[in-house]
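Please put together the full structure from these sequences, using the hints given.
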Amino acid sequence: MSSVTTEIPDDFVASAQRAVEACTDLSAADTARRLAEDGLLGVMAGDDVGGLGLPMPFALPVAGAGAGGLCAFPLTETLLAARALQDGHPVAAQAIVEGREIATIAWAGTVDDRILGPVAWAEGLRWLLALADDGTVRLLDLAATAHTVAPAISLEVDRQMVVVTLADPATDAPALDAEAAAALRDGAVLLRAAELLTGATVCFEQARTHVETRRQFGRPLAAFQVIRHDLARYTLWLEGLRRTLDGAARRAGTPAGALAARAAFATAADHVPTIIEGTIQLNGAMGFTWDLDLHRHLRRARAAGDVLDLTGARDWLAAGLIDGTLPLDPAETAALDTRQAECA
Amino acid sequence: MDIAASRPLAGDPAYRQRLRDWLAAELPRSWRADDVSYAPPSFEQRRDYEARLHAAGLAGMAWPKAYGGHGLTLREHLVVNQEIGRLAMPESVNSIGKELVGPILLAVGSEAQKRRHLPAILEMREIWCQGFSEPEAGSDLAGIKTRAVHDGTVWRVSGQKIWTSGAFRAQRCLLLARTGPAEDRHKSLSLFALPMDAPGITVNQMRQINDSREFCEVFFDEVPVAEADMIGGVNEGWMAAIGVLEIERATNRMYRSWRFENELKHLVAACRADARLAMLLEDGHYRQRLGASLSDIEVLKHHVQDAVDSLADGGKIAARGSLMKLHWSEAHQRFVALAVEMLGKAPADAGPAVRRAQQRFQHLYLSARAETIYAGTSQIQLGIIADRILKLSKSR
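Residue numbers (the working numbering), protein chains in the order written: chain A, 4 to 347; chain B, 37 to 432.
Since the hints were made in silico from the structure, they are not lab data.
Covered stretches of chain A, going by a simulated chain B footprint (3 or more residues, C-beta under 8 Å):
(1) 208 to 218
(2) 247 to 258
(3) 311 to 319
Being a predicted model, the structure only gives us computed values, none of them experimental. Backbone N, C-alpha and C define an ideal beta-carbon position, used for all residues, glycine too.
So, in structure tokens, the structure goes:
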């Protein structure tokens, strides 16, 4: 139950976790440099910009490590920005991959509205990718863009969440067209689901250990049926999410992958807060203290729904179902899997 | 035509197309629950249709050819189930035979039993029922009291089974009976292929909440069963069958994801057919719930794919079948409740498409109450996950 995905070797997952742990208490700039040295920031970016050029499944454990380690750095946004910018803005992409410059992405608000956020932030951040009303994405160089930054009202305590207000609507050319913007969002949905899964898994394992060792009424808490059933139900949700995430990652970049990614995110956003709330309950009064990190994971999980719209994910699924535009024919999925197997 | 006779299969789009063509030609529109002309087929029509499904290569996919199967793999089984699931076709009248008895016989049956029963099941000459549950032993099967005693010549079965679907028309019963001391619990249970025309059997049909009368209570009074009809050894058959049942929990009725999706599409189509219901498709509340149902189906599909990949690669399913069973049964209940709620908002003069959907989903809503009870209740599945996946302590 420790890995966010069954697709990737354990040693890769473990090294990502170690790299994130090593960044605890480092500044944003030092974190960027450290993660870059370990190759994590460019895991999906091509080698032209200094990246590893690995497929999406390899990004899942990296995003997961960031969430599991309660990393303050906007890691998921960095992974996505580096890949998205590699063709149109290779200089910026390379600087991001090498940890010399920091990027983030605003998933809410548009450059036409001028109010963006909440945004996962970092001190010294230079690049901000933001949506426009026409469905494209603009790249804002904050060093050259008049703006103000204010703290967002957020449950999150580990990451700095802000609202960015632009002095003027952005008028420069889009960095990503609508199709590339949609792909960016598909990737974000997937990586956010991986973050949620990892956070929930960390809390679940902590609670599992607790109920095995804590004795009340002369026996371990784990011996009580009501507690066994709680943990079994959390396992049901986590394992369903893990399998869907695996499938979504394997099919990333395709319509079937986008469908699975939305399903994974909707499942994660539905169940992960409930799981973490349950693990707080299972820990009793200690669960209500800062001695345990459970509440920090809960804060992050709840904030994920603000940063990336849960209702939007479910509505995306409903719209595709009603319009008949989703790739639900198993023949399409089978053909896709066959092509991917041949490529592999 | 036997579609399974040519290779390669699972990865070949032409194979899937042949399946589609056969189903399109051979499944009458009036048998499809999502068609306005729906008129359910009789038992005899369903039985004959299932026999033709097998002859055409759409049943017994992974069973050996020597026993009437097509000698293929779970991957072809999956493709067939996807195509069957996409159509709202009638449920099998011999699912116990095909999905429970067959795999158990393949694992622990004698050669003679395999040769006798397996082709008969696929050809629909033998319809089976399942004699496991008793009035005092539903989830706790180790507590059954029906006893089989050897009289020197044959086994004599006495006792009562209940909730035995289709017993009134079955030729055989997969019977679980006690053949040793009751205190030995699971270790004194044996399995039998009991002929339902043997003397001493009384079958009473029971009315179910969906108005079907499939459920039966079956009484056994010194019913003779030949030694050759014991499956596995004395006090051994059940323990051996448990491993098979774990796999079955993950692989039986594999079409469910795609049938579930067919139902979801039917609901949307019915809503589109009526102006008032069509407004619900624009309502944020219902869109959220439709999206959640589709999300549930995606999760189920990934459970299925994971199970097929694991088994095809020589792995084991073990208790993971409980995850799948628990997920689909609860998700399906949520969905059919949504469907009934939405269709309940139709005007009284709604057209035939809406009325057909209302009838289908009202029936499904009631029938789905059984889904979290049969094949191990949700509570049993949670217990299995806690015991076998999480391995949580039980001791004091």
